[in-house]
Amino acid sequence: MHTQDFIQEMKERLMEERRTLSGEAVESSAFPDYGRSEEENATEVADYEALKATNSAVTERITEIDAALERIKKQTYGVTEDGAEIPEGRLRANPAATTVIS
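If you read the sequence shown in the working numbering, its first letter stands for residue 4, the second for the next number, and so on.
Honestly, the hints are just simulated from the structure, not real lab data.
A virtual CB, placed ideally from N, CA and C, is assigned to each residue, including glycine.
Just so you know, not all the hints are guaranteed correct.
What the hints assert, rightly or not - Label-pair restraints from in silico Cβ distances: (1) ASP50 / LYS76: 37 to 47 Å; (2) GLN78 / ALA33: 32 to 42 Å; (3) THR62 / GLN11: 24 to 34 Å; (4) GLU15 / ARG39: 46 to 56 Å.
Construct the entire structure; sequences and hints are all you get.
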């Protein structure tokens with residue numbers, strides 16, 4: 004089993020990543036306004052679509068982080084659904100990991 008110190012370290016990393024991502028999600032939600040020409044409008048749409056995709060990825064990651072924090076709270080962190088322990092190295096690489104890589 005993972006030590007309480009390790010789990011606390013992962014919790015702090017998850018909370019910090021969540022704070023960072025929460026700011027990015029808000030910042031990327033505005034539709035850009037570059038001007039009124041056809042080229043500027045096309046660029047606005049392309050940039051907005053890219054921002055929307057980024058925002059979607061950020062939102063998905065926040066959901067993963069929230070789930071990991073919930074597992075910490077329930078004392079099921081670091082274990083797969085099948086009960087296998089997730090290696091410390093895997094959790095250091097991705098503190099929200101839920102699976103073991105073979």
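Are any of the numbered hints broken by this structure? If so, which, sorted upward?
Hint check: nothing fails, all pass.
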